[in-house]
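All residue numbers for the sequence shown refer to our numbering, where the first residue is 780 and numbers rise by one.
Errors might be hidden in some of the hints.
25 Å max Cα-Cα, derived DSS-like pairs, lysine-lysine [as the list claims (entries may be wrong)]: (1) Lys950 with Lys1025; (2) Lys1028 with Lys1003; (3) Lys987 with Lys957; (4) Lys1028 with Lys1073; (5) Lys837 with Lys990; (6) Lys1003 with Lys987; (7) Lys1003 with Lys1073; (8) Lys950 with Lys855; (9) Lys957 with Lys1028; (10) Lys990 with Lys1073.
These aren't lab readings, by the way, just hints derived from the structure by calculation.
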Amino acid sequence: MAGGIAETQPKASLIPPLDDSLLRLSEAEHAFLRAAISDDEQELRKRVLDVQKRAYEKYPYPCIRGFHHVNLMMSKNAVYHEVVESGKSGNTTFLDLGCCMGTDVRKLVYDGYTASNVVGVDLRQEFIDLGYDLYRDRDTSPIRFFTDDIFTVSPDSTKFQDSVEFSQATKLTQLGGKVSHFYLGALFHLYDEDTQFQIALAVATLLKREKGSIAFGRHQGFEKEGLVDDHLGRTRYAHSPESWTKMWKRVYTQLESAEYAGTRVVVNAELDAGFGKEIFKTKTPTTMLYWSVKII
């Protein structure tokens, strides 16, 4: 990870093969993909499987194996509809960090969020390109995508950047205090505890301090925080709802003040049943933490 902190790479011998039977779409997901990809079931399935295979060959993430790149994970968060309604005004900005192939942001725009105010960012251009191949909208998508590394962002890194409009930004350090809505799906849980705190500091640096600004997301979480018994041999950490809340309070105490963290920052975090163990191939709980951080 250029300029940042590398996630632990899995051992090749531990990587499970792909399994087409894991493609399970909800009614809403199926309807959206038919509208966005193809009405033809064979063509839809062909494209979904093709991009999955190409992605997994280089980046064997469990979420790719489990077809999460075509699941509508963002819309399952409790604050999603509030975010969409706010975004219809045209006065807010949206950043999806770790957007992968961009399914969630395409659904966000499909649901009514002003497209010109939406940006998808991923570390890897390959994922963005695979998204264009999946949806065949490289020349027509109204959503801007670019690559960057969240570890380039720190409380000091945004202070001396040239002032640019959100719609013109080409790197994260140009977005200090300019993001109204910030989504992070399946990103935090790739790292250890200290690194997750550094990511949270970067997120809070980019998030506006205005009332109604929201960061939200999902990732693996436990009832009791601790190290993950990772099936790929990686060093990862899972927060509990309580430890997750404390982390964000620490973030805003460091960036603003204890009073600000206590009176202006509301953290919600709940565990969900998550996904089947056949995806993760592990004895570790596969519960997922759905969360939001809201400025009031």
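For the pair supplied as a hint, Lys837 and Lys990, confirm whether the alpha-carbon distance does not exceed 25 Å.
-> 41 Å, violated
Within a Cα-Cα threshold of 25 Å, do Lys987 and Lys957 meet the stated pairing?
-> Roughly 5 Å separates the two Cα atoms, so the pair holds.
Quick one, are Lys1003 and Lys987 close enough, alpha carbons at most 25 Å?
-> 31 Å, violated
For the pair supplied as a hint, Lys1028 and Lys1073, is the alpha-carbon distance within the 25 Å limit?
-> Given pair Lys1028, Lys1073 holds - Cα atoms ~12 Å apart, limit 25 Å.
Distance restraint between Lys1028 and Lys1003, which requires alpha-carbon spacing of 25 Å or less | Holds, at roughly 18 Å.
Hint consistency between Lys1003 and Lys1073 [alpha-carbon to alpha-carbon, up to 25 Å] | 24 Å, holds
Taking only the CA atoms, is the gap from Lys950 to Lys1025 under or equal to 25 Å?
-> Roughly 29 Å separates the two Cα atoms, so the pair is violated.
Given the hinted pair Lys950 and Lys855, is their alpha-carbon gap at most 25 Å?
-> 28 Å, violated
Does the alpha-carbon distance linking Lys957 and Lys1028 stay inside the 25 Å limit?
-> 21 Å, holds
Can the restraint linking Lys990 and Lys1073 be considered satisfied, given a maximum Cα separation of 25 Å?
-> The given pair, whose Cα atoms are some 8 Å apart, holds under the 25 Å limit.
Against the hints set out earlier in the document, violations occur for numbers 1, 5, 6 and 8.
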